[in-house]
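Novice: Okay, here's what each chain looks like letter by letter:
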Amino acid sequence: MAYYNRSSAGDNLARGLGWFSIGLGVAELMAGRTIARWMGMEDKTNLIRAYGVREITAGVGLLALGDPKPWIWSRIAGDAVDMATLAEGMRDNPRAGNAGIAFGAVLAATAVDIVCAQKLHQEEAHYRSLPVPDYSGRSGFPRPVSAMRGAASDAPIAEDMRTPKILQFQPAAGQAATS
Amino acid sequence: MRALVWHGANDIRCDTVPDPEIQHPRDAIVKVTTCAICGSDLHLHDNFMPGMEKGDIVGHEFMGEVVEVGSEAKSALKVGERVVVPFTIWCGECDQCKRGNYSVCERSNRNKAMADKLFGHATAGLFGYTHLTGGYAGGQAEYVRVPMADRTHIKIPSGLTDEQVLFLGDIFPTGWQAAAQCDIQPTDTVAIWGCGPVGQMTIRSAVLLGAKQVIAIDRVPERLAMAKAGGAITINFEEESVVERLNELTGGKGPEKCIDAVGMEAHATATIDSMMDRAKQALMLESDRAHVLREMIYVCRPAGTLSIPGVYGGLIDKMPFGMAMNKGLTWRMGQTHVNRWTDDLLNRIQEGQIDPSFVITHTVPLDQGPEMYKTFRDKRDGCIKVVLKP
Chain A
1 MAYYNRSSAG DNLARGLGWF SIGLGVAELM AGRTIARWMG MEDKTNLIRA YGVREITAGV
61 GLLALGDPKP WIWSRIAGDA VDMATLAEGM RDNPRAGNAG IAFGAVLAAT AVDIVCAQKL
121 HQEEAHYRSL PVPDYSGRSG FPRPVSAMRG AASDAPIAED MRTPKILQFQ PAAGQAATS
Chain B
1001 MRALVWHGAN DIRCDTVPDP EIQHPRDAIV KVTTCAICGS DLHLHDNFMP GMEKGDIVGH
1061 EFMGEVVEVG SEAKSALKVG ERVVVPFTIW CGECDQCKRG NYSVCERSNR NKAMADKLFG
1121 HATAGLFGYT HLTGGYAGGQ AEYVRVPMAD RTHIKIPSGL TDEQVLFLGD IFPTGWQAAA
1181 QCDIQPTDTV AIWGCGPVGQ MTIRSAVLLG AKQVIAIDRV PERLAMAKAG GAITINFEEE
1241 SVVERLNELT GGKGPEKCID AVGMEAHATA TIDSMMDRAK QALMLESDRA HVLREMIYVC
1301 RPAGTLSIPG VYGGLIDKMP FGMAMNKGLT WRMGQTHVNR WTDDLLNRIQ EGQIDPSFVI
1361 THTVPLDQGP EMYKTFRDKR DGCIKVVLKP
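So the sequences go chain by chain: A and B. Under this note's numbering, the first residue of the first sequence carries the number 1, and numbering increases by one thereafter. Under this note's numbering, the first residue of the second sequence carries the number 1001, and numbering increases by one thereafter.
Because the hints were derived from the structure by calculation, they are not lab data. Any given hint might turn out to be false.
What the hints assert, rightly or not - Computed list of lysine to aspartate or glutamate pairs in DMTMM-like fashion (alpha-carbon distance at most 25 Å, straight line):
| hint | chain 1 | residue 1 | chain 2 | residue 2 |
| --- | --- | --- | --- | --- |
| 1 | B | K1212 | A | D154 |
| 2 | B | K1098 | A | D160 |
| 3 | B | K1318 | B | D1343 |
| 4 | B | K1374 | B | E1286 |
Stated by the list, open to error - Here are some, though not all, of the chain B residues that point toward chain A, as calculated from beta-carbon distances under 8 Å:
| hint | residue |
| --- | --- |
| 5 | R1278 |
| 6 | A1282 |
| 7 | T1330 |
| 8 | G1334 |
| 9 | Q1350 |
| 10 | D1378 |
The model shown is predicted, which means the values in this text are computed figures rather than measured ones. Glycine included, C-beta positions come from ideal geometry on N, C-alpha and C.
In isolation and in its complexed conformation, chain B is listed as follows:
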């Protein structure tokens, strides 16, 4: 089969690789009909995440048709069923899964010993996202093996297009959880850094959950235009001061809820800290650029909440933690417990409350994926979300 394969920094290729096979009775094989490049895939492409190996198949946002089911998954899945596959693999049996904390499933990460050393305790297995999360083959491919498939799936009813439901596997519940864990009140101002795909979903989620005002921060005009269409007041950080504008919009008090939909590759602005981050990252003195986190801590209203769906991989530097502590900020973060939200979100899509396909700007065949990684990374051609068709 053909698949997008990681070969090193800035080197993802469309290769021919062996077809996946059932390895465990709980496995299923899914023929991928549609997949997408996620913003967090760019961290792999740019080689900022530790734990990738040459030959790894990437991609964790995909859906398709079940073509083979292991003996222990047959009660939950049937050949021919259409499924979206959540990016977090979960067993449904461990203590964390029973609490709904699927992204920290205690059994799905098959490289638990390695992850324990790095994180203290391992998190869940993820598709196509380093060997620290299990080293599972990803879904930017014609076929994919889904471990623990009796749990790790979202069944899709007929009548909905792939484009409408694909993002249930990652960015829609990720944006939703980012907003939900802020516990948005009708009086809240929610400020969201980053108007990429997760940022766009977070904006819609915050609006649907009833925020009084939603403010979106970015520098790319077409992304800001899409944010505005979704109900956000926009701030272009290259043209105006984020701090001054947020104070102006909140009567000088700051937003109650701040969401980081940027993560570890915050753009180097003209600020000293972000330039230092870029230099230190290049010199391997830190792994993550934390400009957005610092700015959120600074602007957030005391006793407010910071929500972090943006992906961080390792170490950050110069974190104003004294400021955070003295302001009594609440921090909420983590990978998304995808299946915790998907029943409700699928209902909302079916009812027409939201159509997540609004975010798709590019649809191309799988073999054009490597080039689209670069287009997406460089934000060329108005690129916000790339969908691939194997």
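Chain A with its partners taken away, still in its complex shape:
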């Protein structure tokens, strides 16, 4: 079972990154052209918008889809793609300085993502090191299950809780009932 604790430091950080992802994604989607111009990469406008969709998806995943670890790793992979795009875009670019600033920002975000991933995996490792409680003796019955099966088949159950006869499974003609 994938483990995550929605109250832990790692999870809180992951949620923060989730909101950051959504904010960045919306900005990339809505202001893709402006961002592209600022970095001198107008030809990458549609690509930046696509990255915005990716960021929003990761953000929703981090905030709402349970275990944040796969989504943090998806962010790290996305960071790598962002950096590759920016590195390529800095070549022969009169606004290479702006693209460099963006590259630095992505690098910083990547560092936070990696810290978050490490923290989440450490928390899972700690959880997995704890002894698993043994509930295998907790039947609730005074005797073995085989002896208890059907012990309450005489229970008073009113007709409104019964399946109408016409809807009940009946043994096929000439056969014993089967499952």
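Position chain B relative to chain A; hints supplied.
Specialist: Positioned in the frame of chain A, the structure of chain B alone reads:
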């Protein structure tokens, strides 16, 4: 007095609040000796149920000693008597109560007008479970006011511990009704989704009612171990295909009876529909995650029965209703008519046929309740059922 109070999403605190008082001649005040956190309380904690207000006292699974009785309840209750309080408040006089349909009592929901608008017709008043069900203060507290107390109680004879009888107020009859309304036959395979407290009670109920085989579906190892102890064949949905395994266990025909003991917060598995549900719920495009319902409709044997004790709060999306219709499935659902079952179940506990305390994994003082909500929600520390001692 101290009580667990709802302040918002993921924010339940142990506060000091005014003591309850008799407000109506049919009221009683109960000093709570033991209470529990129910799985459906998590829907409030996670803020998935509409109708909560800051300051509401939570909790609907509790028992204790009667310390004050209103004038019109004195013929039924006496100070000093030990009672479990059912989570459904019922008048005993309306048309539905006379039919034994206590969870849809027509008179106990004091916010009937609001509930009528949301549900078409109001359901019964419940303790500590939103203003849509009356906005009554709950029982995770030192004292609680019990409305219509002349009816809304289960008297407990001496010789039984709180832990043995506490769950008569909710999860035991809920699991029992879930199985009973399937009308289990000795040839039936009963598949139960969810091995939380209600799922565990449903497993035992299905066994006692004589199901040929009971199959329990979950992903938490200790919960599956407890299910197996109760007589279930277990399926860990993270390790194997539920559909394939159920077909294998039923000769390819599917289980005749399917029970949803999960409700509106089905875990997001690797399936597309459950991930979409989580995303849509987060974006407020739907209120309930219905993965279990969809899977039950898919796997159930045609002409079979779906029983739904799991709590749903509002709207679900992408329901394969054509599949359900064409397969001729019978649907049984609803909140539990607790007192309809409790005489019989109390007898079974007294006779030693079952001891519901098997499900308790954590017992803590009331002031540790807020932290235990998180432990229970996150399924940490092997937590299956939390009992609180005020």
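Novice: All the hints need checking, so say for each whether the structure fits it.
Specialist: Taking the hints in turn, this is what the structure says about them:
no.	hint	result
1	B:K1212 / A:D154	holds (16 Å)
2	B:K1098 / A:D160	holds (13 Å)
3	B:K1318 / B:D1343	violated (40 Å)
4	B:K1374 / B:E1286	holds (24 Å)
5	R1278	holds (5 Å)
6	A1282	holds (3 Å)
7	T1330	holds (6 Å)
8	G1334	violated (11 Å)
9	Q1350	violated (12 Å)
10	D1378	holds (5 Å)
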